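Fit chain B to the known structure of chain A by using the hints.
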Amino acid sequence: MKRLITTALVITGLLLGLCGYALAQKGKMIQIKGSDTLVNLVQILAEQYMEKNPGTALAVLGGGSGTGIVGIINRTCDLANHSREWRPKEIDQAWEKGVKPRFFVIAVDGVSIVVNEKNPLTQLSMGEIGAMYRGEIKNWKAVGGADKAVSLYGRQSNSGTYGFFQEHVLGNKNYSTDVKEMNGNAQIIEGILQDEGSIGYVGVGYLFDASGNVRKGLKVLNVSKGKGEPAFSPLDKASVDSGAYPVARALYQATAGKPAQAVADFIRFEMSDEGQKIVEKEGFFAISATHKAENEKNLR
Amino acid sequence: MTKKTTGRLKESAIRAFFFACGVLAVIALLGIFATLISTSFPAFKDIKLSEFLLSKNWDPTSPEMEEYGILSMIMSSFIVTLGALLIAVPIGVGVAAYLSDVAHWRVREIVKPVVEILAGIPSVVVGFLGIVLFAPLISKIFNIGHGLTALNGSILLAIMSLPTIISISEDSLTAVPPAYGEASLALGASRWQTLFRVKLPAALSGIIAACMLGMGRAIGETMTVLMATGNARTFPQLPQALLRSVRTMTANIAIELGEVPYYTAHYYALFAIGLVLFVITFVVNLVADVVLHKYQEREL
Numbered sequence: 001m002k003r004l005i006t007t008a009l010v011i012t013g014l015l016l017g018l019c020g021y022a023l024a025q026k027g028k029m030i031q032i033k034g035s036d037t038l039v040n041l042v043q044i045l046a047e048q049y050m051e052k053n054p055g056t057a058l059a060v061l062g063g064g065s066g067t068g069i070v071g072i073i074n075r076t077c078d079l080a081n082h083s084r085e086w087r088p089k090e091i092d093q094a095w096e097k098g099v100k101p102r103f104f105v106i107a108v109d110g111v112s113i114v115v116n117e118k119n120p121l122t123q124l125s126m127g128e129i130g131a132m133y134r135g136e137i138k139n140w141k142a143v144g145g146a147d148k149a150v151s152l153y154g155r156q157s158n159s160g161t162y163g164f165f166q167e168h169v170l171g172n173k174n175y176s177t178d179v180k181e182m183n184g185n186a187q188i189i190e191g192i193l194q195d196e197g198s199i200g201y202v203g204v205g206y207l208f209d210a211s212g213n214v215r216k217g218l219k220v221l222n223v224s225k226g227k228g229e230p231a232f233s234p235l236d237k238a239s240v241d242s243g244a245y246p247v248a249r250a251l252y253q254a255t256a257g258k259p260a261q262a263v264a265d266f267i268r269f270e271m272s273d274e275g276q277k278i279v280e281k282e283g284f285f286a287i288s289a290t291h292k293a294e295n296e297k298n299l300r
Numbered sequence: 301m302t303k304k305t306t307g308r309l310k311e312s313a314i315r316a317f318f319f320a321c322g323v324l325a326v327i328a329l330l331g332i333f334a335t336l337i338s339t340s341f342p343a344f345k346d347i348k349l350s351e352f353l354l355s356k357n358w359d360p361t362s363p364e365m366e367e368y369g370i371l372s373m374i375m376s377s378f379i380v381t382l383g384a385l386l387i388a389v390p391i392g393v394g395v396a397a398y399l400s401d402v403a404h405w406r407v408r409e410i411v412k413p414v415v416e417i418l419a420g421i422p423s424v425v426v427g428f429l430g431i432v433l434f435a436p437l438i439s440k441i442f443n444i445g446h447g448l449t450a451l452n453g454s455i456l457l458a459i460m461s462l463p464t465i466i467s468i469s470e471d472s473l474t475a476v477p478p479a480y481g482e483a484s485l486a487l488g489a490s491r492w493q494t495l496f497r498v499k500l501p502a503a504l505s506g507i508i509a510a511c512m513l514g515m516g517r518a519i520g521e522t523m524t525v526l527m528a529t530g531n532a533r534t535f536p537q538l539p540q541a542l543l544r545s546v547r548t549m550t551a552n553i554a555i556e557l558g559e560v561p562y563y564t565a566h567y568y569a570l571f572a573i574g575l576v577l578f579v580i581t582f583v584v585n586l587v588a589d590v591v592l593h594k595y596q597e598r599e600l
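Residue numbers (our numbering), protein chains in the order written: chain A, 1 to 300; chain B, 301 to 600.
Derived by calculation from the structure, the hints in this document are not laboratory data. Do not take every clue at face value.
To be verified - Covered by chain A, per the in silico footprint, the following chain B stretches (three or more residues, Cβ under 8 Å): (1) 434-442; (2) 529-542; (3) 553-559.
These numbers were taken from a predicted model, which means no experiment stands behind them. The C-beta atom is built at its ideal place from N, Cα and C for all residues, glycine as well.
Looking at chain A on its own, in the form it has when it is part of the complex (with noise of 0.2 Å):
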């Protein structure tokens, strides 16, 4: 029995000793943390580039921009995906601790407007989003719909896209308190598709089922600057390009100083032909010849 033992114990010494052997060559891993509009994105290009340079490892974790800017700052990760841009007192806190971040865009989101099939609704202005959301417009009919209650549906407020949305539509002013706030777009996409009076925002890479349609229950609506201007859909890939879709916006990822060699060659790689395509096959939009260059300068 007791000889038992102790081949066991030496056994799994052995064991633990290779393991620790094998970690030790396969060299650090890569943090990436951060967005949840992009975690999927980026865990997609993180497999491809991992099946190219077997030598590198890379781990991709969502929880909202916020919790990749503060991974940033603390230095708790290598690369932040942040689908908002820092806020100037993040950018304070980064500085006092001796972190000058930098940005790269490796994509272009529209954060799309849907409401459910069964509104009558095509299209509405941002001035319109804006006021339903900050609780000003609560019946459809105010909007040229049905006589029904709006049913506000949005993120937490760790979430990019909640930032983001609160600056460019509803005009930096407050949320209505009656806002659903949702564990992430694909909460919010149930929600939507079970209420009629519903609205919501979610990134375009949600909108699709597996065969790439538009998914059964849901209407994305078009989207004007101003009432009276024309609206754009944000599944038009031409008016996101050229800015015509009013809320769009870039997704980034963030390094702490200049990025070391492979987070460097990894952002290169999300650069790439290659790495666009896999934005596009995602449901974002690839990003312009301004953001690529802006980018490279950025990696040196």
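Just chain B, lined up with the frame of chain A:
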């Protein structure tokens, strides 16, 4: 060294080990309490205690004016928990009475383990049930747009606290001396009268303790309510509060702690909410313990 002293040494070593195990729980509790107090105290440098406890508005990331009032959340936690108790107590006590007095022993052998398995279902799974099963049901029955309401949370928390309520109530009903029941039956009372007028009152303190423990479970539950109640920050106005979206204290901490910038008023305020929650559950558990103790003493 003689054999006797080694034996004694071993004895006291073992005793010390078990003492350390016992003390560990106390140290953990004191440690958590101390951390909570020291991290929530700085919040009140920036926030007035009266505003914190009595204001209904919570919006720490507001671009207009940051507000730190938790009254809406206290009220929401209270309503969701009360709703859960209203559902769980009658069912739980009913099941306990059935198991201890009416059920055939074979039925009891099956039902008791099943109830205990219910306690082992992860809260995320219960929350998911709330989204896909109960929420659509509630929205149909009450003819409201969506079912992500306090009532939805109450139903789920009732399910989660049932095992506690059933098993402790059943124990205390079984602990009622058989002589009580026999005397009642001998006096000509029916089985129903015996159960309702003699056994239940005799076991009342145990049943109350069971309900308090169930309540402690319900009020501290996070994931389920986070997923199922919609998380709107609005103040739950009685009487329709059960059919409105609410945000409980636990859900708020879970939502915001991930992205909060460290060592800011917002960060400390979240810990202060944790402290309020801790005090509430502590009081609930204390009362349960006192009541339970009283009942055990009387049995001797």
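Here is what the structure says about each hint:
{"no.": "1", "hint": "434-442", "in the structure": "holds (count 3)"}
{"no.": "2", "hint": "529-542", "in the structure": "holds (count 6)"}
{"no.": "3", "hint": "553-559", "in the structure": "holds (count 4)"}
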